[in-house]
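**Q** One letter stands for each residue in the lines below.
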Amino acid sequence: MTSVLDALNNGLQRALTDDSRVVLLGEDILDPYGGAFKVTRGLSTVFPERVLTTPVSEAGMTGLAAGMALRGLRPIVEIMFGDFSTLAVDPLVNTAAKLRWMYNDQVSVPLVVRTPMGGRRGYGPTHSQSIEKLFLGVPGLRVVAASHFGDPGELLYRAILRQDDPLVFVEHKLLYGLQVIDAAAASDFEIERSGSAELFPAYRLTVRGAPPPTLTLATYGYMAELARQALVKLAFEREIFTELIVLTQLAPLDAAPILESASRTGRLLTIEEGTLSAGWGAEVLARCSESLGSRLAAAGRVAAIETPIPAAAGLERRTLPEVDDILREAEKIGAQPHA
Amino acid sequence: MTDALALYRSLVLIRRFEETILAEYRRGAFSGTTHTYIGQEANAVGVITNLQPDDIVVSNHRCHGHFLAYGGDPRALFGELMGRVTGVCGGRGGSQHLHWRNFYSNGILGSTLPLATGIALAEKMQGRQTITTVFAGDGALGEGSVYEAFNFASLWGTPLLIVIENNHIAQTTPLALGLAGSIAGRLTAFGIPSCAVSTSDVLEISSTAQALIAEVRHSQRPQALIIDSARFGPHSKSDDTRPVEMIEELRRTRDPLTIHGNRLAVSARQAVDTEIVALVRAAFEQALSDPPAGGAL
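Heads up: the protein sequence lines correspond to chains A and B, in order. Take the first sequence: its letters are residues 1 to 339, numbered as in our numbering. Take the second sequence: its letters are residues 1001 to 1297, numbered as in our numbering.
Derived from the structure by calculation, the hints contain no laboratory data. Just so it is clear, CB atoms sit at the ideal spot from N, CA and C, and this is done for glycine as well. Treat each hint with caution, since some may be false.
Unchecked claim - Taking beta-carbon pairs under 7 Å as the criterion, some of the chain A residues facing chain B (in silico):
# : residue
1 : Ser57
2 : Ala66
3 : Arg71
4 : Pro308
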């Protein structure tokens, strides 16, 4: 059994080992501290010349990393909290994401910005957000979100070494402590890849031996775990059988795995931890509506309510989507118990 | 050609190129926008003439002079501004977004300082013997990323020459309304040595830049050159709010073509003037007849 934290740490270590162009930058990433969430633990001891601790300077380090990527290195930037990624929007959006295209494909910028998003830890309004939607739809920028399905370490490794564009790699804080669930570890479920994406695949999860699903749940990141719990409850407590699609690449969006599932079930519920308006789910639903038309009988979205995220535990729970919200929305859009 | 004549030729090339752009914008040959370098030519020419072929230049929105001094092709630059397939970046980038060999420009003020610092660091980490020169204007000094870059450049020891072209005006805002303290003081705060010159003389800029570049190469640490300069033209095409008398005074006292041209024999100078007029006109006409940018998006 491997935790997501260990898998990501292993992915970084493998990338640093396999390619001497890989350089890691971030705040407080040196041992013995090893980063605020310990994803980089041990790396500065093994690769002291290529693990660089930075001043508190997200805009600066991301801009530097774009320059390093432009001239032959493969930098990885750790932004300690996803909330701070707003400070790096300009170097990401106006420099890293644009250079290859606006320089007429004469250059590449293989830069990975890793950052932990998400709440449920009581960190309050500026250390709990899921703001990856700010980076969706930016031409030239890929957004990938790890989950505990598949192999998050391999996902990170591919982001660093198997593609050449700037990429935001989203890690939800609560994923770090979860065990990775691969096909072998999932005794009650069937997990299989869905769609044709090779680098950053989508996964389809169903209850083993269940009747055909009447609802598609679509999500990414840590919400994949809450959606998995909802899928179990719906199946075993209410006899509503669903199919869960977990994307790892959020942008550019390849909606095919979701479309394929929703075209069979006729119902779609998107689930995300960020706020509702103009979110990932809105884009997914728009794509499904465009493609499926009346074959999509009903649809809904589960997301955070639109207030800043409170520090108090009780308030935070009411702000962020929970399993019960998924159950309620699933019933609301008319998912029917198996006849 | 003597060095003095070659420098003059570069100054004239930039001047005629920029004058052509302003004139032809009015006639509709170009679309979009431009930021002309008229009056500041000695900065680009004086610095870049001291660089080695593999050295890197990072430039800003006012990049035509830097690009031409670097050796960029006038036809390709005209073509880029006209949206031609022969443009420096095939018409995708336009005036502010150029890349050719080791020349890079971007139109977001201040963003190029971290970029250049990262470039210099990458070159050093990979054992290449290059230095990186980044040009920025006084207007960029309001951007916070500039100071994050100064910090990194000094802290991590990057072979970077920072050239601040202080033309005393950011679009229409005079320096006095935009800058507290001093430019040198801002560099000193980060432990970056700087050298200030107040001149439009390409030879003075060149000799100062030569010493700084040698120091950057030797020490593998950043240095800064602060050039007190004069912009004769508008920020863009027609947005100059300064009094006409002020511009006339600058043209009379701070023209790098006059200052350096006066050192040359009249006949030699006239020969260059004639050659460049023809060269720029031919480049313009060629670009004009080049096919428009196309291809898949």
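**Q** Please go over all the hints and tell whether each is borne out by the structure.
**A** Here is how each hint holds up against the structure:
1. Ser57: The hint holds - serine 57(A) has a Cβ within 7 Å of chain B, the shortest such distance being about 5 Å.
2. Ala66: 6 Å, holds
3. Arg71: 4 Å, holds
4. Pro308: 24 Å, violated
When each numbered hint is compared with the structure, a violation occurs for hint 4 only.
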